[in-house]
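> First to last, the sequence lines map onto chains A and B. Its first residue numbered 1, the first sequence is counted upward by one per residue in this note's numbering. Its first residue numbered 1001, the second sequence is counted upward by one per residue in this note's numbering.
Bear in mind the hints are in silico, worked out from the structure with no lab data behind them. All C-beta atoms in this analysis are idealised placements derived from N, C-alpha and C, irrespective of residue type, glycine included. Each statement offered as a hint is correct.
Cβ-to-Cβ under 10 Å is the rule here; a few derived chain B residues that face chain A: (1) Ile1217; (2) Ala1220; (3) Met1222; (4) Gly1223; (5) Arg1227; (6) Gly1278.
Computed list of chain A residues with no C-beta within reach of chain B, every gap over 10 Å: (7) Asp27; (8) Met164; (9) Ser219.
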Amino acid sequence: MSLLKVSGLKVAYGGIQAVRGIDFHVDEGELVCLIGANGAGKSSTLKGLMGLVTPHGKVHFSGERLHKLPTHAIVARGMALVPEGRGIFGRLTVAENLDMGAYLRNDREAVRRDIKRAYALFPRLLERSKQLAGTLSGGEQQMLAIARALMGRPRLLLLDEPSMGLAPLMVQKIYETIGMIAAEGVTILLVEQNANLALQVSHRAYVMESGEITLSGASAELAKDSQVRAAYLGD
Amino acid sequence: MLDGLRKRPRLTAVLLALLLAALPFIMGFGLGNSWVRVLDFVLLYVLLAIGLNIVVGYAGLLDLGYIAFYAIGAYLYAWLASPHFGLHLPFWLVLPLGAMLAGLFGVLLGSPTLRLRGDYLAIVTLGFGEIIRIFMNNLNAPFNLTNGPQGINLIDPVSVAGFAFGKPLHIFGMTLPPTYFYYYLFLAFTLLAIFVALRLQDSRIGRAWAAIREDEIAAAAMGINTRNMKLLAFAMGATFGGLAGGLFAAFQGFISPESFNLWESILVLCMIVLGGMGNIPGVILGAVLLTVIPEALRYLGDLQRATLGHVVVDPSDLRMLLFGVALVAMMLYRPAGLLPSRQRKREFAAEDGVADQEQADLYDAKA
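Put together the whole structure using the sequences plus the hints.
Below is the structure:
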């Protein structure tokens, strides 16, 4: 059974249909990516899943239908979002940001262990743990945003354009880490404009175009697909 | 000396307690009893500033109508303890009721504004503050609820265990006006408010407020119930405001809509901005300065009369001028306030370091 099963998902802002009824699924342990150009509806899909905007259609998460639930209730069920533009808490320290990630958890001992694990995954954050998050560089902020989302021990991690606005070397570093996190068994749904990278790291992929899914399949296959290559990989 | 005190917190606490206890006598005998009255107002404004700081400083919700809650607390006190309706309930009952009613109004104001932030929220709250004031001004007909612009008079003074604060006390050959008793009463409430505000800041609720202040979407993504937390901030802030309002009504014995105009809201906001938003010692300092300095400026009038024979510059004009200059200077040189919270201090200090780090990052990634 799929961890996340979405059918007929629609997201609209006023009269504008950003997502026009899409179906997709993410299985336990998978790294699935959703690629597409600017304005294809990728981020809106994630917002709809998280309840940040009210979606129409059916979203089942580990068998339960998430119907009109507020965001915090969806988070409590094990979905975590690394928002577009990172969304770190700029005037809190790095350590406080990580603490916020564990806001819903009461198991202090395990939280402490997870903080150690986060620092092991991102040694850069340990060096800067007492610094205000807003003073970190873009790449460090992205690491912090990912580490913070992991602090909630999510069953499904939603990543919204982790490569946005970062230097190429930093993007590579972030993607290495995403690969490591997936290898540890965290299920990930990755939204990305950078199709090349996303297809390299993911198992399966969906291609989105003006609010609809136009192609889907194994990432390795899609990377060879002439249509995809022409449209997204610059061939 | 400051260093020495910092190393000995217990001694500092004892000295501070002694100072606070002796303060009205020092001021009263040193500068005259009118200064004890000023002290009382200082404490009321500290209470208000601490309340507004919860909404603005902790949760980051800009509220320009805060004084409305002060008005609600004051009017409820006047209704339940004055000849206006012939009710004379005791203050220990009326005060909590006023605080609770104000808290309820906080939720009422909060619920329609949940989607608003920044400028938009400020405009709505500003409107709310004015609506309350205009209601108080006009609700004298058909049913005389507020007595309109004349306000409500002869409000019962606070009385504790049969001892009414309304009359001066003659003791040990001294005559102590009621302002002395109110000082200790207000001090008790202010200390309580400080304690609550400090505890809130470090609590789970305080952390949730900080997250909402920084980034609301990310806060929701952490699993914070942003709607309830924002309503709670409005309610808590309003409760403090209502409490201060009740104390104000009992202390003055008279209230009218004029005491609750937009200027008062802005004044309280200036106190927390000037002192250091989000930081309790800063907020207290801001409230003290902005209450005491205008009073101290009054002496400039006497000074001019004594040296020049007549008043050249009216001190109350000067007050506004200095106030403006001080605010502009603050925004330029100490944008985080006089005593900024630890976070804001670092935020303003560390901005230059980012570019270097960005560079360092690239090298780091290469390695």
